[in-house]
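Engineer: Residue numbers (this note's numbering), protein chains in the order written: chain A, 1 to 262; chain B, 1001 to 1153.
Hint data in this document are derived by calculation from the structure and do not stem from the laboratory.
Each computed DSS-like pair below joins lysine-lysine, with the alpha-carbon atoms no more than 25 Å apart:
| no. | chain 1 | residue 1 | chain 2 | residue 2 |
| --- | --- | --- | --- | --- |
| 1 | A | Lys119 | B | Lys1126 |
| 2 | B | Lys1126 | A | Lys122 |
| 3 | A | Lys235 | B | Lys1126 |
| 4 | A | Lys117 | A | Lys127 |
| 5 | B | Lys1126 | A | Lys238 |
| 6 | B | Lys1139 | A | Lys117 |
| 7 | A | Lys224 | B | Lys1062 |
| 8 | B | Lys1126 | A | Lys121 |
| 9 | B | Lys1110 | A | Lys122 |
| 10 | A | Lys117 | B | Lys1126 |
| 11 | A | Lys119 | B | Lys1110 |
| 12 | B | Lys1126 | A | Lys127 |
Since the model is a prediction, treat every value here as computed from it, not as a measurement.
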Amino acid sequence: MTSKSDRREFLRKSSKFLLLSGAASVAYASVAEGQPEKAPNYRMHDHWWGMVIDIDLCIGCGNCVRADKAENGVPLGPKYFRTWVERYHIPPGDLQHPEKEELPVVDSENGGFDGFKEKYKKGDGSKNFFVPKLCNQCSHSPCTQVCPVGATFESPDGVVLVDREYCLGCRYCIHACPYGCRYLHPETETADKCSLCYHRIVRGLTTACCEACPTGARRLVDLKDPNDPVHEFLKMHKVHVLKPQMATGAKVYYNALDGSVR
Amino acid sequence: MSSRFKDQEHLIRMGVLLLAGIIVFFVLRGVMVPRDFGEYGHYRGGALEDNRARPAVYAGRKACEECHEEVVAARKGGRHAAVGCEACHGPLAKHASDPAAAKPGRPDAKTICLVCHLENVARPAKFPQVNPLDHGEGKACSDCHKPHQPKIS
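In isolation and in its complexed conformation, chain A is listed as follows (with noise of 0.2 Å):
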């Protein structure tokens, strides 16, 4: 009797005394690394991560997509990208019919990791912008419904991960996204794609992109957190998603998004 009791005792003791020193030792390591402590606090259902890109800041300087491959480790090379940037150029004869399919002019050199080089005449009467794009962090994504071995989901914060040991490298994802987020790393032959820098959000950080995003044109946000000011930005701003007749749920918002974008 005395003994089956204290073995409870012991192993409810032992258990907490585990939890709690791994939660210590995780939050150490991270002071240590110079990191914010958040890690260990981290609770996920009080998260729903998405992201607001405003394109009327967009200079098109390509930091994000060097910050990103400098942080993820994404291949260099134009076939590798987890954010590009996009330039649309529409001829001034052309400006009434942005729905119509063939019109923009779409260039992306080397996914704008470079920058963009001047390519038409100012004052010639067409409309140009840059278009930052990414990985949607859909709520409904098309990506992980396909995937054979459940190796990519929607994390239970809101973004879309891939599980690096679990992926076959079966591509079935990459032609399923609608948006062209994804490509097989040429190393791991896995499926990557952004992971909204999990890794950094997870710690209090902002994405790596976010980080070096000189005009705030990009930002991430936090659906599920009332003080985000991201609420108010919705509000205020007539915003867009990519795609929205795909129904994939995307939470990337777009402002002042122009119909001629796919």
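Starting from the structure of chain A, add chain B where the hints point.
Structural biologist: Relative to the frame of chain A, chain B by itself:
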């Protein structure tokens, strides 16, 4: 005792095989599917931790401002006050964790400013842009504009 079915033995054999198959399936499943699969959904719960484990390369503005108070003061109220430190100085998490280990280089003022401020029709018209061919006489931008407080007073 007569058997109820003519081929009873065959049926028993088949049933045993089926049962063995089911047992083998569940044993293999127990061995091969990780424990944390299905913890939150149809995926491995540990994958969340795997994604978190990556070290940060960009330290974040807060880390810079902890030590470099004089730069915070110099930037205050200026046009560049909202620009993140690492937007120009590059990723410096290594420097933030051990200032002696990785020293940041000084950005080249002849090229770094033009990454953002070079004239381009696709840039928002309100954004300050220059053509270096007819502005500045080939001097480095920082000769006149202080990067932390670019407005010439």
